[in-house]
Each structure stands twice: as structure tokens, then as C-alpha cells.
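Model the full structure from these sequences, guided by the hints.
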Amino acid sequence: MSNIMQIDGIEVTFTEGETVLEVAQRHQKEIPTLCYDPRLEPFGGCRLCIVALEGARNPVASCTTKATSGMVVETTTDAIETYRKTLLEMVISENREIDVHPLRGYASDELANLCNKYEIHDTKITGAKSGTSKEDDNPFILRDYELCISCYRCVRVCAEQEGDHAINVMNRGFHTQITTEFDGLLKDSACTFCGQCIQTCPTGALADKKALRAVDEVADAPLNKTRTICPYCGVGCSVDVLTNENTIVGIHPAMDGPANQGALCVKGQFAYDFVQHPDRLKTPLVRGDDGEFHETTWEDALQKAAEGFKKAHAEHGRYSIYGIASGRAPSEAAYLMQKFIRAGFGTNYIDNCSRA
Amino acid sequence: MSNPLVDMQKPDVIFCIGTNMTECHPVAATGLKKAIARGAKLIVADPRRIGLAEMSHLYLPLRVGSDTALLLGMAHVIAREGIIDEEFIENRTTGFDDFFEHISQWTPEWAETITGVPAKDIETAAMWYGTSNKAAIYYTLGITEHICGVENVQSLCNLALMTGNVGREGTGINPMRGQNNIQGAGDSGALPNNYPGFQSVTDPNNQEKFKSEYGRTIDLEKGITKVTALELCGDSIQAMLIDGENTLLSDPDREHCEHALRSLDHLVVIDIFLTETAELADVVLPASAWGETDGVCTNTERRVQRMRAAVQPPGDAKPDWWIISEIAKRMGIKGFEFDSPKPIFNELCRLSPIYAGLDWERIEKGVTDELNNQWPVPHKEHPGTPRLHEETFVNGKGIFSNVHYRDPAETISDDFPVWLTTGRRLQSYHTRTQTGRSQGIDYLLPEESLEVNPADLKKWKLSDGEWCKMSSARGSINIKVKSTNRSPRGTVFASFSFANVPVNLLTGSGYDPVTHTAELKVCPVKLEPL
Numbered sequence: 074m075s076n077i078m079q080i081d082g083i084e085v086t087f088t089e090g091e092t093v094l095e096v097a098q099r100h101q102k103e104i105p106t107l108c109y110d111p112r113l114e115p116f117g118g119c120r121l122c123i124v125a126l127e128g129a130r131n132p133v134a135s136c137t138t139k140a141t142s143g144m145v146v147e148t149t150t151d152a153i154e155t156y157r158k159t160l161l162e163m164v165i166s167e168n169r170e171i172d173v174h175p176l177r178g179y180a181s182d183e184l185a186n187l188c189n190k191y192e193i194h195d196t197k198i199t200g201a202k203s204g205t206s207k208e209d210d211n212p213f214i215l216r217d218y219e220l221c222i223s224c225y226r227c228v229r230v231c232a233e234q235e236g237d238h239a240i241n242v243m244n245r246g247f248h249t250q251i252t253t254e255f256d257g258l259l260k261d262s263a264c265t266f267c268g269q270c271i272q273t274c275p276t277g278a279l280a281d282k283k284a285l286r287a288v289d290e291v292a293d294a295p296l297n298k299t300r301t302i303c304p305y306c307g308v309g310c311s312v313d314v315l316t317n318e319n320t321i322v323g324i325h326p327a328m329d330g331p332a333n334q335g336a337l338c339v340k341g342q343f344a345y346d347f348v349q350h351p352d353r354l355k356t357p358l359v360r361g362d363d364g365e366f367h368e369t370t371w372e373d374a375l376q377k378a379a380e381g382f383k384k385a386h387a388e389h390g391r392y393s394i395y396g397i398a399s400g401r402a403p404s405e406a407a408y409l410m411q412k413f414i415r416a417g418f419g420t421n422y423i424d425n426c427s428r429a
Numbered sequence: 002m003s004n005p006l007v008d009m010q011k012p013d014v015i016f017c018i019g020t021n022m023t024e025c026h027p028v029a030a031t032g033l034k035k036a037i038a039r040g041a042k043l044i045v046a047d048p049r050r051i052g053l054a055e056m057s058h059l060y061l062p063l064r065v066g067s068d069t070a071l072l073l074g075m076a077h078v079i080a081r082e083g084i085i086d087e088e089f090i091e092n093r094t095t096g097f098d099d100f101f102e103h104i105s106q107w108t109p110e111w112a113e114t115i116t117g118v119p120a121k122d123i124e125t126a127a128m129w130y131g132t133s134n135k136a137a138i139y140y141t142l143g144i145t146e147h148i149c150g151v152e153n154v155q156s157l158c159n160l161a162l163m164t165g166n167v168g169r170e171g172t173g174i175n176p177m178r179g180q181n182n183i184q185g186a187g188d189s190g191a192l193p194n195n196y197p198g199f200q201s202v203t204d205p206n207n208q209e210k211f212k213s214e215y216g217r218t219i220d221l222e223k224g225i226t227k228v229t230a231l232e233l234c235g236d237s238i239q240a241m242l243i244d245g246e247n248t249l250l251s252d253p254d255r256e257h258c259e260h261a262l263r264s265l266d267h268l269v270v271i272d273i274f275l276t277e278t279a280e281l282a283d284v285v286l287p288a289s290a291w292g293e294t295d296g297v298c299t300n301t302e303r304r305v306q307r308m309r310a311a312v313q314p315p316g317d318a319k320p321d322w323w324i325i326s327e328i329a330k331r332m333g334i335k336g337f338e339f340d341s342p343k344p345i346f347n348e349l350c351r352l353s354p355i356y357a358g359l360d361w362e363r364i365e366k367g368v369t370d371e372l373n374n375q376w377p378v379p380h381k382e383h384p385g386t387p388r389l390h391e392e393t394f395v396n397g398k399g400i401f402s403n404v405h406y407r408d409p410a411e412t413i414s415d416d417f418p419v420w421l422t423t424g425r426r427l428q429s430y431h432t433r434t435q436t437g438r439s440q441g442i443d444y445l446l447p448e449e450s451l452e453v454n455p456a457d458l459k460k461w462k463l464s465d466g467e468w469c470k471m472s473s474a475r476g477s478i479n480i481k482v483k484s485t486n487r488s489p490r491g492t493v494f495a496s497f498s499f500a501n502v503p504v505n506l507l508t509g510s511g512y513d514p515v516t517h518t519a520e521l522k523v524c525p526v527k528l529e530p531l
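In order, the protein sequences belong to chains R and X.
Counting with the working numbering, you get residues 74 to 429 for the letters of the first sequence.
Counting with the working numbering, you get residues 2 to 531 for the letters of the second sequence.
Just so you know, the hints here were simulated from the structure itself, not pulled from any lab data.
Check each hint, because a few of them may be wrong.
[Stated by the list, open to error] Chain R residues, not near chain X, derived (Cβ > 12 Å throughout):
| # | residue |
| --- | --- |
| 1 | Glu84 |
| 2 | Thr88 |
| 3 | Glu103 |
| 4 | Thr138 |
| 5 | Lys139 |
| 6 | Ile153 |
| 7 | Glu162 |
| 8 | Thr196 |
| 9 | Gly257 |
[Claimed, not checked] Label pairs and their in silico Cβ distance ranges:
| # | chain 1 | residue 1 | chain 2 | residue 2 | range |
| --- | --- | --- | --- | --- | --- |
| 10 | R | Gly128 | X | Thr369 | 38 to 44 Å |
| 11 | X | Gly466 | R | Lys190 | 51 to 57 Å |
| 12 | X | Gly216 | R | Gly390 | 18 to 24 Å |
| 13 | R | Leu296 | X | Asn501 | 33 to 39 Å |
| 14 | X | Glu82 | R | Gln79 | 51 to 57 Å |
| 15 | X | Lys210 | R | Ser142 | 56 to 62 Å |
| 16 | X | Val7 | R | Glu84 | 27 to 33 Å |
All C-beta atoms in this analysis are idealised placements derived from N, C-alpha and C, irrespective of residue type, glycine included.
Written as C-alpha cells, this is what we have:
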């Protein structure tokens, strides 16, 4: 039998193992989700992705339902939309805050966006609120569980993607609480501070404490994103640098990064502010006759740099000059370093820092 | 890496040797963890009980510097048991008969006497690796930073060749590169033996090609490595241009290195901070940093990717390419009239067969469903090459190497009875010029400490949390002691990241004679209470 099913009256094909949600998303159907992260195993917890399935008595969660031949699915009926709206109202009735600051994390606006889409601005459902925020003196991860909706994305990303199992669930039902072993601090757990829990959290309950330091400055200004590659090891993770005017305020992992598919480690996620550290060199320095460094102009420094090489060349010959290229700068720098040596002196007296 | 990073989720058996991947390449390690969750078996060979060892199904705690012996023992078992890929050996390799004879003497029992790993575990590792359909090798500096780094790598190649674990999904020999563009620096020709694109300088055709490009004849003779150059400083080497490397802290034998750089007539350093190395310079030129510089880099799986500027550099800092060009122009060297990185990268692509299909626009667009931009990319229509050696090897056939085990340059003695091995930690990067200046990292790792097995503390009269004096044949440093079972008895570990604990004052006992890579992983020391 061929792999053909029907979504909203249109026949579509699917590949073996695809879920109804995946097939629908490939065909630009907008199905709301909260507990779904495409990198993780389907969970079926939030029930927002329910669809009407012909022959089934009740709606089914599209994220956990595998596509089968002959399936007839409706993604958006009045009844389904009413269910979704009620579910969302129940979710937000327990949360202190919905419109969280985008600096909290990559996916932190998901709940707020759904509330906007379904025009839910407050809820008739009232009562006790669940989740107790946890004081944790670590500098990176804010544990603001009053915003938690128990979607378990953080628990699952830590287990399934990182394999660290640092965070888990405590208690059941209304008292469900995300925490670490023995309800302790993250630094005393298996946590490696990769920040993936922050970036998958759909409500900002787990948030980027370091980025939030800039919350006052960024309050009204736009946040720009620039796609680049992490400056640390050779894996080459893609990241989006978050900037506010000329200041780097945070890092988002690139979910479509070919080497990392959204994963990062503690260095790539949090060790970015060296770039704008006050220790940065800002002016060329030349050592004077007094043996000390003196700030100078580019013209003077470049002239002195060139003269020194010319002098060495004249007095000691072309084998007296050596170049060491950087493994950190872009390839254009390494290319020109070798060209400087080869075109300048006709030698192969060039290396890079890979032998240490 | 012979195989792409995505292949890390695919092997049936994973053999990690000399790699502390969960700390040094954490994101790559997530792929291995997924493979293990799926049911793959993990073999880890490492002197230290690192995180990866805790995850393994078979842990081989070998003595530092004994990798070749372990790998010869494994090859012996694979040959003896006949779990070889005869078709692959026949079609794709050369020298197997000699190799078969060579390894008949290197039994696992012999390997046990060198490595300290029980022969039966060497047998098991060989059986697992040899009998699986897809077995992959991952390694890093624990293999290469030895006087026998070349033999270690050749030994790994022997295992892969005899079992046909090359050129297929979930297999391969995969070194993980440690810096964001260390692959690109080599690709770009910053090597004493190769022009850009790994074109040999000893080939007269390449000499002719670059003569017509650069307008002068370049030596047909290989240049010297950085290690040799540092030895010749003040002697034949009188001037040096260093771009973005804190040579003084990252290289072995710091005193020798400092003396070398001080003895130069002229040292120019391009960097983003006034590093310990820059402190010795005559001219320091401020470079724009990551996040401020447009350009291209290549990752460990040979994928060429775009780096982009997000903010302006501070003060007068300038991109490295601009700085180098301006020096070159002032010396009258032709071919440095660049106004952006784009024409520089396009020139590199034009001159490098492995980059021939790439250009700035293609890298700007990034990876698509059709194009992966992993070199070699021999022409414009070529999508790139995620997996090497699928049909043939670059030089035709895979060559078996009849390697012999050699002791490290220095071995433990009455004077220096303890093995020191060095490496890196998750929370700090190299000499901490960057991570040391990023807020919050200190919360996770405020200082360096020497990892010592609890049972050794008493023997050497040390206390957990107290300082000790650690000395090698080259010098002494003070370091705080940390008691941990991660270190085996008789072996201690420290990273070289912290300037106040300059571990590389002690290292530098020897170098691989071919690659000139320093034996940073083995250094006999003695420990004394302070």
C-alpha cells in the first residue's frame, strides 16, 4: 500500500515512521504545540496538537500518532479549536506571567504567542498556582518555576540530547515540580550548564540569567541576531549572537546548525563576554627605548613592524623570518600569513598553532 | 575527521582513545551518547577514569604513553581470530601480508606488560571492534601529543584497514580538532610543508603554480616547524610574526619558550588581549575578535562555514587580514591590495583544489539540502564530501604500517616517580584568555588543581585541598591537590589553563620526530608537600 493520507481534504504522502504532526508541518499546517521540540522524542503531554481523526471517537495528539495509509485528518475544526483554547486557558491560569522577556531564552515566547493567536488575555479559571521558584546562586540558569507548565521539555532535552539526566520531576499532579536530584543546586547535580533547558523552555521558567543582566537596556531597543560559528572548539556549532546596538547580550543556539542542530556547551552558550571585556587591546603598542609599551598610531606601528622584518631580511637573510598563523582567526588571516611569508621571502617558514 | 559529525550516532561499536570528548567537544559527544542510548557499545581507552570512561561498556585504563602497545595487541587478536575484511584488504590496501607477520609477535599478553590493561580486556576490545559491522574510532590529542604520535595514528589506521571500517556510514578514523579554525589554518596553507589546499611544496608543479601567482620562486624545500623555529630563535631566526596564539602558555617548556621569544630582534604579535606572549613583543597590533570579524572557518568535519561580525571592534582594533596586508604593503610585497575578506577567500579557493567549488557567495548561503560544503569540493556543481575514502584513498591504496612500540621520551624514575599527564577541562578553554574573561565561568571552575588518586596521597605525604610542589626535569610549580578516583594510582593530571599554575613549565620532554608535536601527555614528576 502506498503511503498516502489526507490532511484537511488534501491527499499527501508521508515516509514510514513520520508522525501526523510532522506530515502536517511539512504541508505548512499550523498546529499549536507546547511540549514539542522536534529534536526530542514525541511526548504528548500538552495535548494542544490534537487533531480530528476519522474513525476515532476522540481527537488524537498528532505528535505521538504515526501517519498510516488512508488516514483522514482535520487539523482545525471548531471543536478542536475550542478544546485548544480551553487547554491554553487552563495552562495560563497557573502561571504568574505570560509575556516574558525574549532574553529569557530561544523558545520562551511560545506560550505568549499561542495566547495571542487564540486571543486569550486572561482566564476565567482561577485557583491555586503551581510551581515554586528555586533560589540557585549559579550565574547562568534562572529557575523560575512559577512559570513552569510541566511540559518536561527541559527534562527530556537533558536526558535525550545531552545524556546528562541532571534535571527530573519531583511529585505528581498539581504538585509536579522540575528539580535536580535531592532538590539541590544545579552545580551539585550532573548539570554541565550547557543551557539547553533554557533554550527549549516554552515559557521562560528556565531562563538565561546572564542575558537577563541586559534586560533594562534592551527593554525598548530591538534585539538583533547575527548567525555565526562558536569561537571555541573545532565542532563548529552555529550560533546566533544577540546584540543590542553595539553590545553582545547573549547567545542562541542555531536549531538548524549543521554541526550542532541546536546543541551547545557551557563555553559556546555562556562564555561570550570576553569580546567586550575592558582588557581588550584598543590601540597599537610599540616598545620604546625605555623598554615599555607606548600607545601609537596604526601608521607608526605598521611602519615599525615592517621595518623590523626588512631589517632582519637585510641583515640575516630570508631564513631569519618566521610566521605563526592562528587557529582562531578566520581562514583569510591564515591564508595571508602564509602568503606574507611565501610571497615576501620565498621560504616555507610558516606554521600554525596546531602542534601544541 | 574521515566521517561527518552526524555519523557519530550511527556506529555499532565506538572506540574512543585519547579523547576526553564530553569535556573538550561536548556537543560532538551528544552524538555518541545517542548512539549508546540506541544500543551501540562504547570502548574507552584512557589513563584517567574520565566521564566517557564512566559511560563505557569496556574501559581500558592504559598507562600514559602506551597506546601503540595496546593497539598492536588489538591488531594481533583481530588477525589471529581472522575477523578481518578480506575483500577490503584485497581491493583497497597494500602491505597486509607483511603486517600480518609483523603483528604475530605482539600478543595481548605482551601488551598487558606494557599498558597494564588485562590481556582479556584487550581481547574483548579487539573482538568487539573486529566483529561489528560498523565500528568507528574517535581520538584527539591523547593520541598525537606523544613522541610516537605518528605511530599511534598509524596503529589506528591499521585497525580500521584490516576490518574495513573506513569509507562507510558510522565508521572511520576521526580526529577531533580543538580550535574553531585550526582545520582552516591548515587548509589555508599555514604549514611548512604545504601550500593552500595541502599541495606539497616539494612538488615542482606546485612551485611553478605559486610562482606565477605570487610573482617569486618559493623554496622547493619544506620549511621548518614552529617547534624548530622556537629552538632557532636568536640564532638563525631573528624576526617573528605571531597571530593570535599565546605561545608562551600553550607550548611546552615555558622557560625555553620565553627565552626563545626574548632573544628575537623583532617580535610582532597580533592579538585581542595583551597575552603573556604579547608582553614580550616589540610591536603589538590589536585585532578584531570573534563576533567582530567577517570571514570563513572550517570545522573538524571539514565543513566550511561563515563567521559574521555582530558588533564593532573596540577602539582602533582591526581585522587580522587587514593588519597582515598593511605590513606586507609597507614591505613592498605585491598581492595584498584587499578591501574585504571576500576576495581573499576567493583567492584561496581559486588556488586550492579541495576548495575549487567554493566561493564567498556559496559559503554566505550556507548549507542547503543540496550543498554540504564539506571539502573536498572539486568543482562548482559538487555538493561537498561528507565522508572521505568511500571509493578510493587519496594516494590509491591504504597502507599498513609495521609500527613498533616506543617508550615515552622520559619514563618514571627514582627522581621523578609519578606520571603527569595534561589536558583540558570543560569550563576553561586553553590559556583562559577568553573563558577567564567571561563572567560566571569562575563559579564553575575558580582554580586549577592536581588530580591525585586518594590512595597516593599518603604515599606522597599530600593532603586533599593543600598545596604541593610538583617538579620535573625542567622546573617546579606549586599546585593545589585534589583527591579523586579519576586519576589512577601513580598518575596525576592537571590542565594548562591557569596562568598561576603554569603546568607547561614542566612539560616538553620530547617531540614526535615527524610532526614535531610535543609530548604534552607524558611528563615524569615528583610531588612534595609544601
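Structure-based check of each hint:
The Cβ of R/Glu84 sits about 24 Å from the closest Cβ of chain X, beyond the 12 Å cut-off, so the non-interface label holds. Every CB of chain X lies more than 12 Å from the CB of R/Thr88, the least distance being 15 Å, so the non-interface label holds. A cut-off of 12 Å between C-beta atoms confirms that R/Glu103 is not in contact with chain X; the least separation is 23 Å. At the 12 Å boundary, the C-beta of R/Thr138 stays outside the reach of chain X, the nearest C-beta of that chain being 23 Å off.
The beta carbon of R/Lys139 is kept farther than 12 Å from every beta carbon of chain X, the shortest such distance being approximately 19 Å. Its beta-carbon lying about 32 Å from the closest one in chain X, R/Ile153 satisfies the requirement of being farther than 12 Å from that chain. The claim that R/Glu162 lies off the interface holds: its Cβ sits roughly 37 Å from the closest Cβ of chain X, which is beyond the 12 Å cut-off. Residue-level check passed: R/Thr196 sits 37 Å from the nearest beta carbon of chain X, beyond 12 Å.
Every beta carbon of chain X lies more than 12 Å from that of R/Gly257, the smallest distance being close to 15 Å; the non-interface claim holds. For the hinted restraint 38 to 44 Å between R/Gly128 and X/Thr369, the CB-CB distance of approximately 40 Å keeps it satisfied. A beta carbon spacing of about 56 Å between X/Gly466 and R/Lys190 agrees with the range 51 to 57 Å that was offered as a hint. Judged by the Cβ atoms, the range 18 to 24 Å given for X/Gly216 and R/Gly390 holds: they are separated by roughly 20 Å.
Taking the beta carbon of each, R/Leu296 and X/Asn501 are about 38 Å apart, inside 33 to 39 Å as hinted. Distance hint for X/Glu82 and R/Gln79: a CB-CB separation of about 55 Å, consistent with the stated range 51 to 57 Å. For the hinted restraint 56 to 62 Å between X/Lys210 and R/Ser142, the CB-CB distance of approximately 59 Å keeps it satisfied. For the pair X/Val7 and R/Glu84, the supplied restraint of 27 to 33 Å holds, since their beta-carbon distance comes to about 32 Å.
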